[in-house]
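The listed protein sequences derive, respectively, from chains A and B.
Quick note: the first sequence uses this note's numbering, first residue 1, plus one each step.
Quick note: the second sequence uses this note's numbering, first residue 1, plus one each step.
Since the hints were derived computationally from the structure, they do not count as laboratory data.
Keep in mind it's a predicted model, so treat the numbers as computed, not measured.
Any given hint could turn out to be false.
Stated by the list, open to error - Computed from the model, here is a short list of chain A residues facing chain B with C-beta under 10 Å:
| # | residue |
| --- | --- |
| 1 | Ala20 |
| 2 | Arg23 |
| 3 | Ala30 |
| 4 | Leu34 |
| 5 | Gly55 |
| 6 | Val144 |
Backbone N, C-alpha and C define an ideal beta-carbon position, used for all residues, glycine too.
Below, each chain spelled out in residue letters.
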Amino acid sequence: MQSSEQDRQFSEAITRFGPALARMARGYEADADLRRDLEQDIQVALWQSLAGFDGRCSLSTWVWRVAHNRATSHMLAHRRRNARGWASIEDVDLAAETPSPFDAAENDQAMALILSIIDRLDPPDRQILLLYLEGVAGAEIGEVTGVSPDAVATKIHRFKAMLTRRFATGDAL
Amino acid sequence: MTDAFDDRRLHGLWQHGDAALAPLPLDEVKRRAVRLGGIVQRRNRLEYAASAIVLAAFALYAIILPGVLLKLGSLLVIAGVLVVVWQLARRTSRPDPGAEAADVRGFYRARLVREEHMLARVGLWYLGPLLPGLLTFMTGQAILLGRTDPLGLTLFLALPLLLFGGIWLLNRRAAAMLRAQIDRIDRAAPSTGESE
Numbered sequence: 001m002q003s004s005e006q007d008r009q010f011s012e013a014i015t016r017f018g019p020a021l022a023r024m025a026r027g028y029e030a031d032a033d034l035r036r037d038l039e040q041d042i043q044v045a046l047w048q049s050l051a052g053f054d055g056r057c058s059l060s061t062w063v064w065r066v067a068h069n070r071a072t073s074h075m076l077a078h079r080r081r082n083a084r085g086w087a088s089i090e091d092v093d094l095a096a097e098t099p100s101p102f103d104a105a106e107n108d109q110a111m112a113l114i115l116s117i118i119d120r121l122d123p124p125d126r127q128i129l130l131l132y133l134e135g136v137a138g139a140e141i142g143e144v145t146g147v148s149p150d151a152v153a154t155k156i157h158r159f160k161a162m163l164t165r166r167f168a169t170g171d172a173l
Numbered sequence: 001m002t003d004a005f006d007d008r009r010l011h012g013l014w015q016h017g018d019a020a021l022a023p024l025p026l027d028e029v030k031r032r033a034v035r036l037g038g039i040v041q042r043r044n045r046l047e048y049a050a051s052a053i054v055l056a057a058f059a060l061y062a063i064i065l066p067g068v069l070l071k072l073g074s075l076l077v078i079a080g081v082l083v084v085v086w087q088l089a090r091r092t093s094r095p096d097p098g099a100e101a102a103d104v105r106g107f108y109r110a111r112l113v114r115e116e117h118m119l120a121r122v123g124l125w126y127l128g129p130l131l132p133g134l135l136t137f138m139t140g141q142a143i144l145l146g147r148t149d150p151l152g153l154t155l156f157l158a159l160p161l162l163l164f165g166g167i168w169l170l171n172r173r174a175a176a177m178l179r180a181q182i183d184r185i186d187r188a189a190p191s192t193g194e195s196e
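Just chain A, with the same shape it has in the complex (with noise of 0.2 Å):
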């Protein structure tokens, strides 16, 4: 690709995706500092990776790829930090918190559940569910993350209810 090529695909792409990708760094990182890194790192290697980029996947889908795996990076470079380790949203368990009824889960506290959520998952099903939040159909979830469609739903599934359990719980307090 020339470089003229290489430059107008990024700025399209920092144009059409930029909030999306600040949305998904915060669902990498939590200190803010870092996250402004990841943020930069995540443009320097989507600028590099559009030099190959040749149209056999949407514009969409390559963005997505190139800004999850830099934030993998980013995660296993500060796995240390990480004291709890990451499991998969199977072994994720909300039981032992307390749970919130909810009329009181106003969009600041629900948020903060999805958060704490994601901030638990390992990679793969962290993935998923940004991308899931970020409304990318289903098709699409599994062309960038590279597992099955089937999977991808059975995630989301897992995801959506363990949110509904949790605050359904808060409403028989």
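Following the hints, complete the assembly by docking chain B onto the known chain A.
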């Protein structure tokens, strides 16, 4: 209640707010892209600095210490450190922009596999090259201090062996944990086939 977390609400929750990417100027992006290899080089620089100190110390030992075994041990340690530095440079890859465009399951799995290989083979590429020199050096020390009796010699040789054994076990354990993660990825999410 069952619809409390339907797709629309979850997407709305997630996308609500003013998240914005602070865009880097294109020139800065390009400048950093050129510098990228330097990040790995910086990370390895600490290892190289530590190796340089060890090399300098054992070079000095080879010159000033008495006895053939101490001199030979020092030279073997130097050779071992050089092998380790070479292996470290060979095994530490630069970020690959092409690989980062692969599907994320395949990319993550490949990262884990590479780390697992490094840890599982630490005896070959890290401990093995250093061991002959250290054992020879410690034997020379025992002779120098007059501890050539079986107990004294055993104590001198046991020190590096225990240390290296501990490092080997820790790395094997870490490799086993990574292998478990790799197996879990393979079991939990059947591939679409692209990453295999």
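Going down the list of hints, with the structure as the test:
1. Given hint, A/Ala20 at the interface with chain B, holds; its Cβ is 8 Å from that chain's nearest Cβ, closer than 10 Å.
2. Interface hint at A/Arg23: satisfied, since its Cβ lies 5 Å from the closest Cβ of chain B, which is below the 10 Å cut-off.
3. Checking A/Ala30 against chain B by beta carbon gives a least distance of about 14 Å; that is not within 10 Å, so the hint is violated.
4. The interface hint given for A/Leu34 is violated, since its Cβ lies 14 Å from the closest Cβ of chain B, which is over the 10 Å cut-off.
5. Against a cut-off of 10 Å between C-beta atoms, the interface hint on A/Gly55 is violated, since the closest Cβ of chain B lies about 12 Å away.
6. Nearest Cβ of chain B to the Cβ of A/Val144: about 6 Å, under the 10 Å cut. The hint holds.
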